[in-house]
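**Q** Sequence:
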Amino acid sequence: MPRVTPFRCIRPTPELADRIAALPYDVYNREEALAEVKREPLSFLKIDRAETQFPANVDTYDQRVYEKAKETLDSMTADGSFISEEFPCYYIYEQVMGNRSQSGIVACSSIDDYQNQIIKKHENTREDKELDRIRHVDITDTHTGPIFLVYRSDKELNQIVEKVRQTVPLYDFTSIDGIAHRVWRISEKEELKQIEQAFDRIPCTYIADGHHRCASAVKVGLKRRDAHPGYTGKEEFNRFLSVLFPDDQLAILPYNRAVKDLNQMTPAEFLNAVEQAGFSIVCKGNEQVSPCEKGTFGMFLEEKWYLLTADETLHSEDPVKGLDVSILQDHLLNPVLNIQDPRIDKRIDFIGGIRGLAELERRVHTDMRVAFSMYPTSIAELLAVADAGLLMPPKSTWFEPKLRSGLFLHRLS
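Mind the numbering: the sequence shown is residues 1 to 413 in the numbering used here, read in order.
No wet-lab data here; the hints were simulated from the structure.
Nothing here was measured: the structure is a model prediction, and the numbers come from that model.
Hints should not be assumed to be uniformly reliable.
As the list claims (entries may be wrong) - With a cut-off of at most 35 Å between alpha-carbon atoms, the simulated DSBU-like pairs for lysine-lysine come out as follows:
(1) 321 to 402
(2) 346 to 321
(3) 402 to 284
(4) 260 to 294
(5) 294 to 346
(6) 294 to 129
(7) 346 to 129
(8) 395 to 155
(9) 129 to 70
(10) 155 to 68
(11) 346 to 68
(12) 402 to 121
(13) 163 to 189
(14) 70 to 395
(15) 219 to 189
(16) 346 to 121
(17) 395 to 346
(18) 38 to 70
(19) 402 to 189
Based on the provided sequences and hints, a complete structural model is requested.
**A** Next comes the structure, spelled out in structure tokens:
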């Protein structure tokens, strides 16, 4: 059973929460992060992406960048921008995007649960991407970005969350992207006990988003254990910051694809090759195609949209091979366009569904030749892949809304 425990949180003062809260560090490039910090000087990005405090000739991964992150965090704690709870608490974090709401429990999760696969993953991580967050966590001595976890919905936990949501929140604001954010604190001993006991009945949790941040947090914890061979397991470095959501409240947006060329084919040759690969093709002209069922794909080529439908023979009962992202990769991108390994091939790019179909058209008009709109992977598919101990292809899921960084911080010591 997963150990999901309350913690002594460092958090913004209520009057500054809306200004400090920031999107995750990895949704920005350097220029975008700098622009955001210029727009909002209190943005947590100046800690999560401390290179924004340096001239452009200072490398993003320079040691001074991480030291600046620590200095800024310590300064904002000292000047009262952040406050520290006196005792361990859970929190409820609600996000509202349009007509959809999701409410998660903010808590600490165990690095041992990650090691023992009680916290299950669905994608691999890259060491080079882990190193940045390892250094950031280690030097700031703080988990600054919560890991987005999911659990199978539990009636008792739902009731506890709903009861808390009827009280006055600590934070209640709407960010500039229109997402509403509300936070409640749970500090009563009986409620803390109820939540911890409820998670004792849940067999496992799953990483929805933040695989690299999670792997980095675990590696820092293991590094601290090596440095403290007499550790008891109760030290804060044995846990990492997380927000846990019930599976029935979440939605996954599509993760679309675009390719730079047609593998030396003319458009007519390419369309013929796609058909030969097992996809029926219907030209939709200027009508944008957003797939409305599994096994269908939109394609934008030569100023026209097409609806592609995969033949039944291309479908699979295998949890990974049956994913739409796998069908497209295994039966079109690889054999037709020669995209053999999408993790490293420079000819393919991935575009989050939040950017819309107009972004696919824009990319084809600028630096790409063909783009594909996807039907989103479902939560059920994600859980099935993780339960089978398998891994999804890269860029299979895009979660919205994104958790804000800076609302909850967890010190390792």
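**Q** Sort out which numbered hints this structure fails and list those numbers smallest first.
**A** The structure conflicts with hint 10 only, although it agrees with all the remaining ones.
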